[in-house]
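Following UniProt numbering, the numbering of the sequence shown begins with 1 at its first residue and continues without gaps.
Source of the hints: derived by calculation from the structure; they are not laboratory data. We treat Cβ as the ideally placed atom computed from N, Cα and C, and that holds for glycine. Misleading hints may appear alongside valid ones.
As the list claims (entries may be wrong) - Quick list of the computed label-pair ranges, beta carbon to beta carbon: (1) Ala12 to Asp32: 14 to 24 Å; (2) Gly43 to Ala12: 28 to 38 Å; (3) Ala12 to Arg37: 28 to 38 Å; (4) Ala12 to Phe42: 12 to 22 Å; (5) Arg18 to Lys40: 13 to 23 Å; (6) Arg13 to Asp38: 14 to 24 Å; (7) Arg13 to Met48: 13 to 23 Å; (8) Ala12 to Gln50: 20 to 30 Å.
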Amino acid sequence: MSSSSRGPGAGARRRRTRCRRCQASVRTECGDCHFCRDMKKFGGPGRMKQSCLLRQCTAVSAAPTAGGHPSPADLAPIWGAGGDSVKGHGKLPWVLSFIH
Numbered sequence: 001m002s003s004s005s006r007g008p009g010a011g012a013r014r015r016r017t018r019c020r021r022c023q024a025s026v027r028t029e030c031g032d033c034h035f036c037r038d039m040k041k042f043g044g045p046g047r048m049k050q051s052c053l054l055r056q057c058t059a060v061s062a063a064p065t066a067g068g069h070p071s072p073a074d075l076a077p078i079w080g081a082g083g084d085s086v087k088g089h090g091k092l093p094w095v096l097s098f099i100h
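Let's have the full structure, built from the sequences with the hints guiding it.
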């Protein structure tokens, strides 16, 4: 699949990387969280392709809004227009608890 067949703006999205300096970046996967249990190396199907909840880098975070909480506009690129679902997986209220 070439970059021209992906559509307009497909190349603008960049993958977030870890800083490799903070405590969360250098630790190993826990093997117990939902994302670790999905990983192939822990016997899961490997569909989610997310990092361990304990390894999510603290240095690479979005700038806080005036209230200290992310605005709906900040969540729109992550969650889509509705703000609460991802690719038809339904509502994921547990994710919002990690943002606060």
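Hints and how they fare:
{"no.": "1", "hint": "Ala12 to Asp32: 14 to 24 Å", "in the structure": "violated (36 Å)"}
{"no.": "2", "hint": "Gly43 to Ala12: 28 to 38 Å", "in the structure": "holds (36 Å)"}
{"no.": "3", "hint": "Ala12 to Arg37: 28 to 38 Å", "in the structure": "holds (32 Å)"}
{"no.": "4", "hint": "Ala12 to Phe42: 12 to 22 Å", "in the structure": "violated (33 Å)"}
{"no.": "5", "hint": "Arg18 to Lys40: 13 to 23 Å", "in the structure": "holds (20 Å)"}
{"no.": "6", "hint": "Arg13 to Asp38: 14 to 24 Å", "in the structure": "holds (22 Å)"}
{"no.": "7", "hint": "Arg13 to Met48: 13 to 23 Å", "in the structure": "holds (18 Å)"}
{"no.": "8", "hint": "Ala12 to Gln50: 20 to 30 Å", "in the structure": "holds (22 Å)"}
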